[in-house]
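Q: Spelled out from the first residue to the last, the chains are:
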Amino acid sequence: MPAIKSLISTGSEDFRRRYVHNKALAAALKTKQDESRHKRPQRDFDRLAKQGKMTPRKRLEKLLDPATPFLELSTLAANMAYGGEAPGAASICGLGIVSGREVVIHAADSTVKAGAWYPLTVKKVLRALDIAIENHLPVIHLCDSAGGQLQMQSELFPDKYMAGRIFRNQAILSKMGIKQLALVMGHCTAGGAYIPAMSDYSVIVRGTGGVFLGGPPLVKAATGQVMTADEIGGADLHTQLSGTVDYAADNEDECIALGREIVSQFDRGPKTRIEQAEPEAPLYDPDELYGIIPDDIKQGFDMREVIARMVDGSRFHEYKPAYGTTLVCGYAHILGFKVGIIANNGILFNDSSKKGAHFIALCNQNNTPLVFLQNITGYMVGREYEIAGITKDGAKMIMALVGSHVPKFTVMCHASFGAGNYGMCGRAYDGRFLFSWPNHQIGIMGGEQAANTLAEVRQRQLEREGLPVGADVLAKVRADTMRAFDSQTNAYYATSQLWDDGILDPVDTRNALGIAISAALNAPFGQPGNGIFRF
Amino acid sequence: MLKRVLIANRGEIACRVIRTLRAMGIGSVAVYHLEDRGAPHLDLADERVLLHGHVPTAAYLDQDQIIAACKATGADGLHPGYGFLSENAGFAARTAKEGIAFIGPDADVIKLMGDKILSRNYARKLGIPIAPSATQTGTLEHFIDQAAAIGFPLLIKASAGGGGKGMKIVRAAKDLEENIRMAAGEAQRYFADGRVYAEKLLEQPRHIEVQVLGDGKGNVIHLFERECSIQRRYQKVVEESPAPNLDWKLRDQICAAAVKLASAAKYKNAGTVEFILSADGTFYFLEMNTRLQVEHPVTEMVTGVDLVAEQIKIASGLGLSFAQQDIVQKGSAIEVRVCAERPERDFQPAVGRVGLLRVPVGGKLRFDAGIREGQVVTPAFDSMLAKLICCGDTRADAVAGLSAALRELVILGVPTNVDFLARIARNGVFKSGKLHTGFIGEQSADLAPPALAPSEEAAAVLTALFDDADFRRAAFDVPEPYASIGAWRN
Amino acid sequence: MPPTKTTINGRSVDTEIIARRPALAVKIGEAVHVVTDVRRPSPSEIEFTLDGSVVRGWCFAGPDELYVRIAGNTHIVNIARPGASGAGNAQTVNDIRAEMPGTVVALHIAEGDPVALGQKLMTVESMKLQIGVVAPRDGVVAKVHAQLNSTFDRGAALVSLAPAVGENASAKGNG
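Protein chains in written order, with my numbering: chain U, 1 to 535; chain B, 536 to 1025; chain H, 1026 to 1200.
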């Protein structure tokens, strides 16, 4: 497999400008992530300290095997919701190694409103459990939550994909033989009580751990009894009398140690075998990605330069390099794992769409996971292309994608607009993981296009009604649309809503994909099979 | 010749005796307490008899059970080893009365030599020098006056004692009374005999002893001397023969004194006459041990005589196999006592399990052990696990061989003094042979465990960690790509 | 194994795995050591290359401590394990509860008594069977709930234990 020959001039003005721009974006991302993880009113830390509890971040570090990575998911979930009062959607989710086993970790963030559930908390936890279901990964719950935010109950309680689904997913996981361990290090109140109850294994910390359908205030309101949390549902009660929890630990350290020992009992099933090689660093420095990614959403760039800084030895076997050149397809290894890469190098035309669909089929025949690198503004439009069948060619990509049985991974490298999002394995297409870069924008179309489209529609409407078409009116439509789009098409809004699994610093993409692919191999690939392609 | 011998002992000495019995074609019977199940002497013996005892040591002291075991197995001889019943005159008499040959001296000699005051008086009458001393006969005040008259420093000892119990050093008159009371109290507690005596304390004395064999008719030969000056808590740690830097004329005088004492007592079987030798060359009779000594192998190695075989022949009535002129001292031999203890904690006895035992082998090495791999070391018995003996053409050869053997010896699972013994073997003063009983205290800085260099510490810690399954899993069980990615956070 | 405290010959050092690739790196005290070629020539021997030099040592794991012998020196090493008190073995229980209904027929301790793991606290009679109730861990008797000759139901607390004197949560954790 030949190495990609980079054509980037790192000494150019373009490179310098883009580097400064993207480096600043990455720094801003780090700052936001850091604040989301650690910036809390001092009283929240004081409260935990007073209770003799560790912060959830500290628990996490102690739980993980030393010198192993943790791929945190959706760190900035809810960053643009609830006035910013629920950083990380009050929970921490991610993939890591505990006692040598790949696991999903879900930790309630008790530094945020005592770990209470917001609607986006539920969405984030459900996503973590879906990841566990899709990839057959054991789950460790670090429980310390006050329960649902009562003021928002209508947005988190009643519907199919709301809180009840968490416990439904827990039952599904257990049925599938995928283990779950709950470490109860705080209260599990009301619905939250079902997390340890629905887990296959559980440990509770004596003194601070509690599991009950109704906590002291609710018990007092309902029965008038005044009781401590420990009396209602403490460690000794649940490990000696009710049997709701399996083990009691004297403190959090012991609880974590015991949890690690329990995980070390888990059997490790065979992973799906794919082509694999010794991991090897890329030939080109990933740091150069900052100088490659444009500083303007409308500017294109050669995705091969990105691939060269992401794959082992920068080696890339490009498929059909001379045909449908706006879609780059080919084979490479990421941290040893063989993958098929599909990357946008411009608008999707008929030929590039058909090439993409064919390559997806090849990777399925070859049991090769697919990595989609999106920078797509859409499929080509116009009568000429419709005659050529651009819609049915786009549909072929979707048909091939949905019929695909190999795991798929998507990185939003820049633009993701319109139907191109679908064909390139957008969120709706059951990719195992989807990550974004901080420069990423997403929408049904670009903000400018949308503004022009809506202004056009408004103008026709006014004309139909015989009203004057004022330039100021159209300018307002344009400005309003632009503002709305800008606020909802940027990467931070997308990640706030959990449209992705988190924003990555571009240089972290390789590691994130390596972990994601490794995780995906825990589940067997399904049966290949497609619907009917419209030829 | 005896047909079948019961060994009323355990540990290394039981094994040692059985090996000679085997070689002589004599049957062997081991006795044991349940605590010693799995001990090596049981496998070596032809027969074994279980003794009962609430306390394990009590079983080996239970005369009724041991005599009954002799009867039950048809043993016509009994070897008492050392310790336990070996110097119990009553038991020796009783054995004889039951028609079982006691492999040791007659009861009256045991009794005579077992009493420090009586034996000293006996020696004095024979003209053998004894250290100026005072015995308590009248009032305490009178005894204090007599003791003070000897001059300080003084040693207060229990009449019935041994092993340092009830022993006190007094350096000034003002401390005398209190120490006498304390010594008497300890003597009462340990030996049920509160009598004590005071003796002149020699500074930097050497402990020299002479191995003798007697036929009970007044014929006695000596097998030269042993030096046992290196002691801790009044117990021997290193023994050797010949004594280094000992003038041969002085050595002959000491040996002659030993033979004189034993002959006069018509001593039968193997015995050891202990002397204390001061720096100026004067020596005093200390006591006579009427049994086989722990350190007898060094004598065997330099003389080529199997002392246990000689003991059995004498007890069988065959008399002495050797004349004095047949006994030649050749080369040098050193023994170290390997004990389950923590030298850095004042030699506190330790317990555990001999999980790993690797014994060096070589033509000049002897490892007399009462342990085997897997054996549990309990507080029920003495802390001595084994003796490592090395000989050489010269003392320097023997010391070098001992150093190498101690480095090779592996006993893991219970704290031992092996490394401490190795430091003695490497000590400059020890190598020069300038020994005295205060050696360990005087050289304590050099004998203390050296501080570990960081690389040694890392090597030891990592060896332990790699033996630990949890650590091995943590180090090696992390799958790719996680191991390659390392402590990365996004 | 998470970062842990290891005691060697009574001296405590922090140990932590820092990296596994390209070679295993372990921090011991303040220094990071690189280890390669770890082998076990025999069940009792361990050999590895430490910072470029070959180390070969004997090893035996006792119940509490590891014995290591390298270059003629024996070292006693203790690897601390948080949670090794064995919460899984019910050794952290505070309230000792009755497994069957019964009567206290003998009481062997009083409130405030220090007790050791395995020590008999009381004798109870259930279903004509006399059973000793033993301490599941070291501790101090905080409360005796079931007095002599009193009867109790299944699941009732019989004795409550407090941590042993000089022991507290922080000392037990992360040892």
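Any given hint might turn out to be false.
[What the hints assert, rightly or not] Pair by pair, the computed Cβ-Cβ distance ranges are:
1) U/H38 / B/P895: 35 to 43 Å
2) U/R40 / B/A1022: 21 to 29 Å
3) U/D230 / H/H1133: 27 to 35 Å
4) H/A1056 / U/G269: 56 to 64 Å
5) H/T1032 / B/D710: 38 to 46 Å
6) U/Q51 / H/D1062: 45 to 53 Å
7) H/D1089 / B/L661: 24 to 32 Å
8) B/D710 / H/G1087: 41 to 49 Å
9) H/V1130 / B/E943: 54 to 62 Å
10) U/F45 / H/R1036: 30 to 38 Å
11) B/Q864 / H/E1041: 57 to 65 Å
It is worth saying that the hints were derived from the structure and are not from the lab. Note that the Cβ used here is the ideal one computed from N, Cα and C, for glycine as well.
Q: How does the Cβ-Cβ distance of U/H38 and B/P895 compare with 35 to 43 Å: does it lie in that range?
A: 60 Å, violated
Q: Does the Cβ-Cβ separation between B/D710 and H/G1087 fall within 41 to 49 Å?
A: 43 Å, holds
Q: Does the hinted range 45 to 53 Å hold for U/Q51 and H/D1062 at CB?
A: For U/Q51 and H/D1062 the Cβ distance comes to about 47 Å; the hint holds.
Q: Is 54 to 62 Å right for how far apart the beta carbons of H/V1130 and B/E943 are?
A: 59 Å, holds
Q: Can you let me know if the beta-carbon spacing of B/Q864 and H/E1041 is within 57 to 65 Å?
A: 59 Å, holds
Q: Just to be sure I understand the hint, the distance between the Cβ atoms of U/D230 and H/H1133 should be within 27 to 35 Å; is that true here?
A: 29 Å, holds
Q: Is 21 to 29 Å a correct range for the gap between the Cβ atoms of U/R40 and B/A1022?
A: 24 Å, holds
Q: The hint says 56 to 64 Å between H/A1056 and U/G269; measuring C-beta to C-beta, is that right?
A: Given about 40 Å between the Cβ atoms, the range is violated.
Q: Per the hint of 24 to 32 Å, is the separation of the Cβ atoms of H/D1089 and B/L661 within bounds?
A: At 56 Å between Cβs, range violated.
Q: Do the Cβ positions of U/F45 and H/R1036 conform to the proposed distance bound of 30 to 38 Å?
A: The hinted range 30 to 38 Å holds for U/F45 and H/R1036, with Cβ atoms some 34 Å apart.
Q: Note whether the CB distance of H/T1032 and B/D710 lies within 38 to 46 Å or breaks it.
A: This hint holds: roughly 41 Å between Cβ atoms.
Violated hints, listed in ascending order, are 1, 4, 7; each of the other numbered hints is respected by the structure.
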